[in-house]
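Student: Whole structure, please, built from the sequences with the hints as guidance.
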Amino acid sequence: MRRALVIAAVLLLTGTARAIDTGLEFDDPKLQARYEHIIDQVRCLKCQNTTIRDSNAFLAADLRREIRRMIEEGKTDDEIYDFLVERYGEFALYKPRARGKTLVLWLAPGILLLGGAVILVGVLRRRMALPIDGDDGEREGRS
Amino acid sequence: MSFRAFIPVLAFAALVVLLSLGLREDPSRLPSPFIGKPAPRLDLPTLADPSKRITNADFAGKTVLVNVWATWCVSCRDEHRFLLELAKSKTIPIYGINWRDTSAEAKNWLQQLGNPYTEIGEDQDGRAGIDWGVYGAPESFLIGSNGKVLHKQIGPLDQQNWERDFVPLIESQEPGT
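Chains as they are written, first to last, in numbering that gives the first Met the number 0: chain B, 0 to 142; chain D, 0 to 176.
Source of the hints: derived by calculation from the structure; they are not laboratory data.
Please note: incorrect hints may appear among the correct ones.
So these bits of chain D aren't anywhere near chain B, every CB distance computed over 10 Å [as the list claims (entries may be wrong)]:
| hint | residue |
| --- | --- |
| 1 | 55 |
| 2 | 75 |
| 3 | 77 |
| 4 | 130 |
Restraint ranges, calculated between C-beta atoms of paired labels, are given here [as the list claims (entries may be wrong)]:
| hint | chain 1 | residue 1 | chain 2 | residue 2 | range |
| --- | --- | --- | --- | --- | --- |
| 5 | D | 8 | B | 105 | 26 to 36 Å |
| 6 | B | 88 | D | 170 | 27 to 37 Å |
| 7 | B | 26 | D | 106 | 34 to 44 Å |
Computed footprint of chain D on chain B; a stretch qualifies when at least three of its residues, placed anywhere within it, have a C-beta under 8 Å from a C-beta of chain D [stated by the list, open to error]:
| hint | segment |
| --- | --- |
| 8 | 43 to 52 |
| 9 | 114 to 128 |
Glycine included, every Cβ here is placed at the ideal spot set by N, Cα and C.
Tutor: Okay, here's the thing in structure tokens:
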């Protein structure tokens, strides 16, 4: 019974997900997979926090149509992303590519981690240089 | 207390300033990647006569405004009054891209409200809209006499943003100045 309910719920959800993209599927499952991967990566600029797969704004429909057309024309994924970035800026992609200005986004975590490590090593070294019985020595000195 | 103790406080203050500046920006207005670059390709049938076409060649060598509008777009109606005034002042030719609309509705709109456009291209399937990076009407592009995009306005034009953002750029385009 429970399993049946879960299956029903999953089927209901996939039903709505499919309904937005009313275009035809590609005959070649490889092309279909590429298409579905790309439309998950592209932001609907009109409704900024959804992908063009999940949006029924007509802009999203237009972009899906253009992406479908480019795949049919044999364009590579990179060419398709370039097409979008050229027109809408890097913001159009959910996962910014590691080139140009967006390189900093990819490198920043590493730089921060490295910086933190350098500071940590510095602090530890300084502490290690202190005499271990420093506190006692101080107390003795005072008395 | 040494200065070092204040470093975290200063860092926090800097972060607060940075984030509050970020909050002031309107995330629905995206910077156009076309600024300073040649205007995107335009090749559309005209609304008045679909057998004729409007292309970039129509405004080559001229400083023009390209305005993306639609009859379903509510704020385009607000903007229309300003466009009519602008057309009357003969400051700059206005070319329209009628985006994702129907000829009948577009013609009806112009008949009722007046036509500020020198020429209008019909982009019924939104193809030109994508080439121009349009994501919400109204949008307006200022194209310089060298064919490059000087400025893009997202949302309706009005006297205020026109005088602030467009007029200085148009004046800098005029020959001999």
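Student: Going through the numbered hints above, which ones does this structure break? Give me the numbers in ascending order.
Tutor: 4, 9
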